[in-house]
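> Protein sequence lines correspond, in order, to chains A and B.
Numbering-wise (numbering that gives the first Met the number 0), the first sequence opens with residue 0 and increments by one.
Numbering-wise (numbering that gives the first Met the number 0), the second sequence opens with residue 0 and increments by one.
Errors might be hidden in some of the hints.
Once the Cα atoms are required to be at most 30 Å apart in a straight line, the calculated DSBU-like pairs of lysine-lysine come out as [as the list claims (entries may be wrong)]:
no.: 1; chain 1: B; residue 1: 332; chain 2: A; residue 2: 311
no.: 2; chain 1: A; residue 1: 100; chain 2: B; residue 2: 332
no.: 3; chain 1: A; residue 1: 338; chain 2: B; residue 2: 480
no.: 4; chain 1: A; residue 1: 350; chain 2: A; residue 2: 411
no.: 5; chain 1: B; residue 1: 49; chain 2: B; residue 2: 236
no.: 6; chain 1: A; residue 1: 332; chain 2: B; residue 2: 298
no.: 7; chain 1: B; residue 1: 236; chain 2: B; residue 2: 264
no.: 8; chain 1: A; residue 1: 398; chain 2: B; residue 2: 458
no.: 9; chain 1: A; residue 1: 89; chain 2: B; residue 2: 190
no.: 10; chain 1: B; residue 1: 332; chain 2: A; residue 2: 49
no.: 11; chain 1: B; residue 1: 332; chain 2: A; residue 2: 24
Chain B stretches covered by chain A per the calculated footprint, using a threshold of three residues with CB under 8 Å from any CB of chain A [said to hold, decoys possible]:
no.: 12; region: 7–15
no.: 13; region: 98–104
no.: 14; region: 118–127
no.: 15; region: 263–272
no.: 16; region: 322–329
no.: 17; region: 456–465
Rather than coming from a laboratory, the hints here were simulated on the basis of the structure.
Just so you know, even glycine gets a beta-carbon here, dropped at the ideal spot from N, CA and C.
2 protein chains.
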Amino acid sequence: MAKELKELTPRSVDYSQWYQDLVIKADLAEMSAVRGCMVIKPYGYAIWEKIQRELDDMFKATGHVNAYFPLFIPKSFLSREAEHVEGFAKECAVVTHHRLKKDPNGTGLIVDPDAKLEEELIVRPTSETIIWNTYKNWIHSYRDLPILCNQWANVVRWEMRTRMFLRTTEFLWQEGHTAHATKDEAEIEAKKMLEVYASFAENFMAVPVVRGVKTPTERFAGALDTYTIEALMQDGKALQSGTAHFLGQNFAKAFDVTFIDKDNKTDYVWATSWGVSTRLMGALIMTHSDDNGLVLPPKLAPYQVVIVPIYKNDDQLHAIDEKANQLMDGLKKLGISVKYDNSDNKKPGWKFAEYELKGVPVRLAIGSRDLESNTVEVARRDTLTKETLSCDGIEDYIKQLLDDIQANIYKKALDFRQANTREVNSYDEFKVEIEKGGFLMCHWDGTAETEEKIKNETKATIRCIPLNGDMTPGKCMVTGKPSTQRVIIARAY
Amino acid sequence: MAKELKELTPRSVDYSQWYQDLVIKADLAEMSAVRGCMVIKPYGYAIWEKIQRELDDMFKATGHVNAYFPLFIPKSFLSREAEHVEGFAKECAVVTHHRLKKDPNGTGLIVDPDAKLEEELIVRPTSETIIWNTYKNWIHSYRDLPILCNQWANVVRWEMRTRMFLRTTEFLWQEGHTAHATKDEAEIEAKKMLEVYASFAENFMAVPVVRGVKTPTERFAGALDTYTIEALMQDGKALQSGTAHFLGQNFAKAFDVTFIDKDNKTDYVWATSWGVSTRLMGALIMTHSDDNGLVLPPKLAPYQVVIVPIYKNDDQLHAIDEKANQLMDGLKKLGISVKYDNSDNKKPGWKFAEYELKGVPVRLAIGSRDLESNTVEVARRDTLTKETLSCDGIEDYIKQLLDDIQANIYKKALDFRQANTREVNSYDEFKVEIEKGGFLMCHWDGTAETEEKIKNETKATIRCIPLNGDMTPGKCMVTGKPSTQRVIIARAY
Numbered sequence: 000m001a002k003e004l005k006e007l008t009p010r011s012v013d014y015s016q017w018y019q020d021l022v023i024k025a026d027l028a029e030m031s032a033v034r035g036c037m038v039i040k041p042y043g044y045a046i047w048e049k050i051q052r053e054l055d056d057m058f059k060a061t062g063h064v065n066a067y068f069p070l071f072i073p074k075s076f077l078s079r080e081a082e083h084v085e086g087f088a089k090e091c092a093v094v095t096h097h098r099l100k101k102d103p104n105g106t107g108l109i110v111d112p113d114a115k116l117e118e119e120l121i122v123r124p125t126s127e128t129i130i131w132n133t134y135k136n137w138i139h140s141y142r143d144l145p146i147l148c149n150q151w152a153n154v155v156r157w158e159m160r161t162r163m164f165l166r167t168t169e170f171l172w173q174e175g176h177t178a179h180a181t182k183d184e185a186e187i188e189a190k191k192m193l194e195v196y197a198s199f200a201e202n203f204m205a206v207p208v209v210r211g212v213k214t215p216t217e218r219f220a221g222a223l224d225t226y227t228i229e230a231l232m233q234d235g236k237a238l239q240s241g242t243a244h245f246l247g248q249n250f251a252k253a254f255d256v257t258f259i260d261k262d263n264k265t266d267y268v269w270a271t272s273w274g275v276s277t278r279l280m281g282a283l284i285m286t287h288s289d290d291n292g293l294v295l296p297p298k299l300a301p302y303q304v305v306i307v308p309i310y311k312n313d314d315q316l317h318a319i320d321e322k323a324n325q326l327m328d329g330l331k332k333l334g335i336s337v338k339y340d341n342s343d344n345k346k347p348g349w350k351f352a353e354y355e356l357k358g359v360p361v362r363l364a365i366g367s368r369d370l371e372s373n374t375v376e377v378a379r380r381d382t383l384t385k386e387t388l389s390c391d392g393i394e395d396y397i398k399q400l401l402d403d404i405q406a407n408i409y410k411k412a413l414d415f416r417q418a419n420t421r422e423v424n425s426y427d428e429f430k431v432e433i434e435k436g437g438f439l440m441c442h443w444d445g446t447a448e449t450e451e452k453i454k455n456e457t458k459a460t461i462r463c464i465p466l467n468g469d470m471t472p473g474k475c476m477v478t479g480k481p482s483t484q485r486v487i488i489a490r491a492y
Numbered sequence: 000m001a002k003e004l005k006e007l008t009p010r011s012v013d014y015s016q017w018y019q020d021l022v023i024k025a026d027l028a029e030m031s032a033v034r035g036c037m038v039i040k041p042y043g044y045a046i047w048e049k050i051q052r053e054l055d056d057m058f059k060a061t062g063h064v065n066a067y068f069p070l071f072i073p074k075s076f077l078s079r080e081a082e083h084v085e086g087f088a089k090e091c092a093v094v095t096h097h098r099l100k101k102d103p104n105g106t107g108l109i110v111d112p113d114a115k116l117e118e119e120l121i122v123r124p125t126s127e128t129i130i131w132n133t134y135k136n137w138i139h140s141y142r143d144l145p146i147l148c149n150q151w152a153n154v155v156r157w158e159m160r161t162r163m164f165l166r167t168t169e170f171l172w173q174e175g176h177t178a179h180a181t182k183d184e185a186e187i188e189a190k191k192m193l194e195v196y197a198s199f200a201e202n203f204m205a206v207p208v209v210r211g212v213k214t215p216t217e218r219f220a221g222a223l224d225t226y227t228i229e230a231l232m233q234d235g236k237a238l239q240s241g242t243a244h245f246l247g248q249n250f251a252k253a254f255d256v257t258f259i260d261k262d263n264k265t266d267y268v269w270a271t272s273w274g275v276s277t278r279l280m281g282a283l284i285m286t287h288s289d290d291n292g293l294v295l296p297p298k299l300a301p302y303q304v305v306i307v308p309i310y311k312n313d314d315q316l317h318a319i320d321e322k323a324n325q326l327m328d329g330l331k332k333l334g335i336s337v338k339y340d341n342s343d344n345k346k347p348g349w350k351f352a353e354y355e356l357k358g359v360p361v362r363l364a365i366g367s368r369d370l371e372s373n374t375v376e377v378a379r380r381d382t383l384t385k386e387t388l389s390c391d392g393i394e395d396y397i398k399q400l401l402d403d404i405q406a407n408i409y410k411k412a413l414d415f416r417q418a419n420t421r422e423v424n425s426y427d428e429f430k431v432e433i434e435k436g437g438f439l440m441c442h443w444d445g446t447a448e449t450e451e452k453i454k455n456e457t458k459a460t461i462r463c464i465p466l467n468g469d470m471t472p473g474k475c476m477v478t479g480k481p482s483t484q485r486v487i488i489a490r491a492y
């Protein structure tokens with residue numbers, strides 16, 4: 000019964016349903032009573048906290064500081080930057096009143112018409128406008144630059160179709176907003192933060208990513224260049240996992256933010272912004288997990304090891320408790336997080352399924368016979384293999400095993416991406432190949448028209464123009480016009 | 000010039016202006032373009048991050064986990080708990096639409112009337128309603144209890160008069176929401192979390208607090224009991240610094256959250272909620288700071304030590320750099336955070352004033368003569384005293400000094416509170432004494448009428464009925480009716 004409840008729809012049957020089952024059954028999140036907004040449950044949030052902590056350390060190591068800017072943006076601010084308003088005005092939560100009152104004609108509450116705001120407030124979809132309005136007061140001279148601020152915050156975009164973690168009305172993210180004296184410095188900053196994201200994705204999430212730049216059509220609203228990391232999910236669809244924008248002087252001009260440079264000349268300030276969100280959770284889940292449940296990279300797992308006792312009576316349990324406590328002490332000394340589940344109301348088989356579902360990287364099982372032989376059963380979540388090993392030196396073995404699992408799931412994801420990255424040279428071939436999923440490496444003539452045609456006809460988008468990719472020129476697969484390098488085209492989340 | 004810019008209005012001249020000057024000039028925060036909302040600047044946010052980290056560790060050590068619930072609350076949810084809606088409906092931000100569009104009659108943006116929400120959404124002023132609506136699905140049996148969740152979040156209350164950190168429209172906080180099988184367990188939880196807050200205030204913030212319970216009038220809207228920690232500011236006003244609420248079964252009843260207990264009987268779930276906010280920053284600032292600026296407790300200072308070089312030329316600076324780097328290494332090994340400010344565009348005097356303003360607990364100055372004599376000048380922020388000491392063993396000395404400063408500012412605050420806590424036995428005496436500020440310990444007859452009379456006539460409120468206070472009975476200072484114990488009355492923020 001309990002086991003059945005935990006069963007997931009297999010990926011091969013319905014990938015989308017598998018994802019939703021997994022998010023719910025592994026206790027990561029659930030949809031709330033508020034349209035498009037999710038509740039992030041404790042186990043899901045524990046992973047997000049690990050993501051936050053690691054990223055925050057990386058931001059600080061690259062000279063950034065945290066700050067906090069208002070949730071609300073005056074309506075008039077949105078209009079200041081022409082492209083920005085186009086990008087966000089159509090899907091935003093608008094605060095119009097500041098009070099409710101009792102319905103004089105009923106029992107409920109109504110909006111109090113006397114409490115209408117003079118100017119409506121938008122719940123931030125992103126914070127460039129309110130932040131650049133603030134920076135105006137902070138920046139006078141080149142000596143005030145650079146400003147390297149980040150904030151961890153919630154944002155709201157009124158999405159029509161939502162999916163947990165991947166696209167929700169409210170989501171959690173960090174947004175870096177930096178101000179610079181020169182164009183070069185801002186461009187270097189945007190690229191540096193892209194590399195921070197790429198390095199985090201690969202080294203902590205074990206998710207291989209392509210570093211690239213977006214086409215003008217796919218840029219952030221208000222950016223001159225949007226750098227992106229793109230990951231490939233198991234169903235062959237791409238997931239944009241983080242972006243860093245070179246904003247030029249657009250927001251400085253919109254909010255009149257100037258500075259006196261070293262030569263005593265006045266210029267507009269150069270800007271970047273960059274963000275990753277709870278969407279990363281979606282990338283993490285979809286890259287590694289299988290039909291048995293989550294597979295978590297050891298570096299982000301809320302607990303890396305779980306110990307399950309196998310016993311017939313209280314005497315046996317007490318003896319195993321003692322052994323397990325020794326083991327836990329040894330593992331904790333090596334910095335390994337471990338949970339001992341000796342709860343009495345669930346059977347070992349239920350626990351095995353539960354921790355498999357929750358993606359705990361290593362499971363240890365100790366039975367009475369193990370006590371006699373000084374052994375422990377070690378199970379890997381990634382390969383689903385088991386072995387019985389001596390307890391002597393087991394702590395060091397597990398430490399190494401966690402590193403191996405981290406490396407193995409990365410390699411597996413990288414192999415998958417390589418196997419699903421294909422060069423395509425004609426549009427006819429493309430139309431066949433795109434149905435199979437994956438990253439298609441194609442020549443493109445660089446025009447928005449061709450890009451739109453591809454999108455309309457195949458639902459695929461140019462994910463990015465890879466940085467440091469193959470720079471061999473060629474001919475556009477659609478128009479035959481010259482192309483400077485292949486771009487990555489895929490269907491995407 | 001620079002020095003003048005940094006000067007604060009003295010507390011004796013205008014305490015309120017001093018506070019505002021300090022918040023702005025020490026770079027803690029500033030008001031934003033959005034009414035009542037502040038920008039928390041990096042230096043202020045760094046203190047908040049330390050507060051968060053310590054509290055979060057304490058929550059986890061007491062068995063709590065973090066989660067995240069939606070920013071928005073459907074309007075109808077607010078009405079479910081009768082007192083709750085009274086408390087919050089009159090000051091809330093209401094989202095009524097989800098789209099803007101171009102004004103057909105102008106150049107700006109207007110709310111799109113076609114994008115009106117079916118049900119308005121309230122930006123959470125607190126999350127009991129959305130959380131208990133969620134808990135309904137999580138709780139079926141006593142085995143699902145207790146639930147011990149916390150969230151770090153932003154909340155919005157449409158306050159008419161705002162002051163940075165103390166009362167702002169949007170503020171940051173944590174809110175714990177727990178669910179229990181028994182009344183006892185919930186009451187113990189509320190008291191436990193009050194003690195966590197009290198211990199944090201005293202041991203980390205160095206702010207002595209009185210633990211107490213609120214009168215029915217001053218309870219949280221929807222609570223059966225509100226426990227509070229109350230601190231005394233330097234101007235003699237009280238600051239409520241944290242509250243923990245025993246909510247009884249009110250929210251379980253409002254959202255129909257029942258469970259099957261061990262005896263197979265159905266009952267409503269028992270609840271608590273508890274929170275502290277960025278208001279703690281106000282308590283921190285007002286308890287310790289002086290006319291020269293902030294005084295920070297070493298345990299929460301973004302950097303505990305600053306080193307300032309005193310030099311006439313580059314050669315001297317290079318020699319001092321070397322010495323300072325040695326010192327920094329030694330301090331960091333002891334876990335002390337340290338900043339070396341060898342910036343070339345500011346004079347030592349400016350730096351001294353700056354770090355005094357920013358409340359850095361210990362300042363070290365190194366000049367050329369110090370290099371010759373192997374000495375360093377050590378200045379304490381709390382006492383503003385200086386001494387020249389040998390560099391031998393200076394790291395251990397500073398570690399001890401930081402502990403001494405932490406203890407000293409706590410003692411100073413405690414002495415101040417004790418000197419300003421007075422027993423008052425008649426209402427006439429009270430009316431005189433309340434003008435002097437402080438905690439007045441008075442007998443009260445326990446009625447809301449007397450409480451209101453005191454408030455209306457003197458602007459003072461019953462801050463709390465102290466827990467573990469003097470339990471000697473007496474007679475109400477206003478009515479002469481019996482009183483079981485003295486309560487604390489004060490004017491408050």
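> Are residue 398 of chain A and residue 458 of chain B close enough, with their CA atoms no more than 30 Å apart?
violated (63 Å)
> Below or equal to 30 Å on CA atoms is what counts here, so check residue 350 of chain A against residue 411 of chain A.
holds (27 Å)
> If you draw a straight line from the CA of residue 338 of chain A to the CA of residue 480 of chain B, is it 30 Å or shorter?
violated (58 Å)
> Establish whether the coverage given for the region 456–465 of chain B by chain A is satisfied; the threshold is a Cβ-Cβ distance below 8 Å, and no fewer than three residues must meet it.
violated (count 0)
> Would you mind confirming whether the straight-line C-alpha gap from residue 332 of chain B to residue 49 of chain A stays at or under 30 Å?
holds (26 Å)
> Within a Cα-Cα threshold of 30 Å, do residue 332 of chain A and residue 298 of chain B meet the stated pairing?
holds (26 Å)
> Under a C-beta cut-off of less than 8 Å, do 3 or more residues of the region 98–104 of chain B approach chain A closely enough to confirm the stated coverage?
holds (count 3)
> Examine the region 263–272 of chain B: at least three residues should have C-beta closer than 8 Å to a C-beta of chain A.
violated (count 0)
> Does residue 190 of chain B lie within 30 Å of residue 89 of chain A when you go C-alpha to C-alpha?
Violated, because 47 Å separates the two Cα atoms, which is more than 30 Å.
> Are 3 or more residues of the region 7–15 of chain B near chain A, judged by a Cβ distance of less than 8 Å?
violated (count 0)
> Keeping to a limit of 30 Å between CA atoms, is the pair of residue 332 of chain B and residue 24 of chain A held or broken?
violated (45 Å)
> Per the coverage rule (Cβ-Cβ under 8 Å, at least three residues), is the region 322–329 of chain B covered by chain A?
Contact hint for the region 322–329 of chain B vs chain A: violated, 0 residues under 8 Å.
The structure shown violates the earlier hints numbered 1, 2, 3, 7, 8, 9, 11, 12, 15, 16, 17.
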